[in-house]
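*Asks:* If you use this note's numbering, the sequence shown corresponds to residues 1 to 288, in order.
Quick caveat, the hints were computed from the structure, so don't treat them as lab data. Using N, Cα and C, we set each Cβ at its ideal position, and we do this for glycine too. There could be a bad hint or two in this list.
Cβ-Cβ distance ranges computed for the label pairs, FRET-style [as the list claims (entries may be wrong)]:
id, residue 1, residue 2, range
1, Pro86, Arg109, 17 to 25 Å
2, Gly31, Met90, 21 to 29 Å
3, Pro119, Ala246, 16 to 24 Å
4, Leu74, Tyr42, 24 to 32 Å
5, Met90, Ala246, 17 to 25 Å
6, Leu171, Pro119, 51 to 59 Å
7, Thr54, Leu32, 42 to 50 Å
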Amino acid sequence: MKRGTARIRRARIAETIARIVTGTAAIGVVGLVFLIIAYIAYRGAGSVNLEFLTAAPRKFMTEGGIWPAINGTLLLTMWTAAFALPVGVMAGIYLAEFAPKGRVARIIRLAIANMAGVPSIVYGLFGLSLFVLTMGLGRSVLAGALTLACLTLPVVITSTEEALRQVPKDLRQASLALGATRIRTITRVVLPAAAPGIVTGSILGLSRAAGETAPILVTAVAFYAPIPQDILSETMALPYHLYIMATQAVKPAPDVVWGTAFVLVAGLSIINVAAAAWRSRQRRRIRW
């Protein structure tokens with residue numbers, strides 16, 4: 001009896017220690033994120049005004065605004081979504097709903113995992129070789145968006161597959177029992193139930209693409225470019241603009257550098273928080 005009581009006591013102590021350690025780690029990560037955001041806001045928020053957001057750069061990027069970079073980032077992200085989301089969502093649907101369990105499915109998932117682990121600069125070199133040189137697209141919005149789409153695909157595919165797998169099989173079986181075909185079951189029952197996870201994962205993938213510098217470094221962006229008239233033109237982008245200003249020989253005003261960093265981080269943070277809030281609200285509406 002005493003031995004059993006001692007074991008229970010040791011188990012409770014171990015559980016308490018594990019809870020404290022893991023909770024401290026989680027709080028530390030969250031605190032670090034807030035510290036980074038707060039520091040960027042402290043250094044850059046005071047530089048942001050209407051002119052900064054709507055004007056073009058002047059005097060070798062040391063004055064003026066960042067509107068061409070904002071416009072280029074939005075343009076690259078929009079075209080990345082147009083290329084990556086249809087392919088990624090359909091691939092995720094295949095893996096979750098149609099792929100037979102076996103070697104082929106394992107090979108596909110392994111390839112997706114390897115794609116997710118490839119460094120972003122390698123995607124940039126791949127885009128330079130294939131889209132810029134071989135396909136003759138040159139440094140352009142189209143070449144950059146195609147490169148970013150390759151970078152984003154693993155996130156979209158994985159999030160789609162995981163969201164579909166979370167939908168209970170009972171919903172599928174009930175729909176099939178009522179006479180619905182498999183395609184109709186997927187499009188009318190499964191996909192609406194999995195939509196919050198799919199949309200949120202896709203937005204997070206696109207947010208990563210919007211903040212990348214290496215893939216567009218050699219495929220799409222220029223030190224200075226006007227607002228592109230078509231997708232075959234070069235463009236500016238916030239990540240590359242920030243990189244250039246932070247590393248060029250002639251240092252720009254610090255308020256311009258930190259203001260650009262604040263706009264980029266604030267924009268991505270707002271999108272990510274909005275996506276998470278929308279997912280939570282939609283999941284509360286879904287009952288199974």
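*Asks:* Is it true that Leu171 and Pro119 lie within 51 to 59 Å of each other by Cβ?
*Replies:* Once the Cβ atoms are compared, 40 Å apart, the range 51 to 59 Å for Pro119 and Leu171 is violated.
*Asks:* Do Met90 and Ala246 keep their Cβ atoms within the hinted range of 17 to 25 Å?
*Replies:* At roughly 39 Å between Cβ atoms, Ala246 and Met90 fall outside 17 to 25 Å, so the hint is violated.
*Asks:* For Pro119 and Ala246, compare the CB-CB distance with the range 16 to 24 Å and indicate the outcome.
*Replies:* 20 Å Cβ-Cβ, so the 16 to 24 Å window holds.
*Asks:* Check the following: the C-beta atoms of Leu74 and Tyr42 are separated by a distance inside 24 to 32 Å.
*Replies:* holds, 26 Å
*Asks:* The hint says 17 to 25 Å between Pro86 and Arg109; measuring C-beta to C-beta, is that right?
*Replies:* holds, 20 Å
*Asks:* Does the hinted range 42 to 50 Å hold for Thr54 and Leu32 at CB?
*Replies:* violated, 33 Å
*Asks:* Cβ-Cβ distance between Gly31 and Met90: within 21 to 29 Å?
*Replies:* violated, 40 Å
Checked against the numbered hints above, the structure breaks hints 2, 5, 6 and 7 and satisfies the rest.
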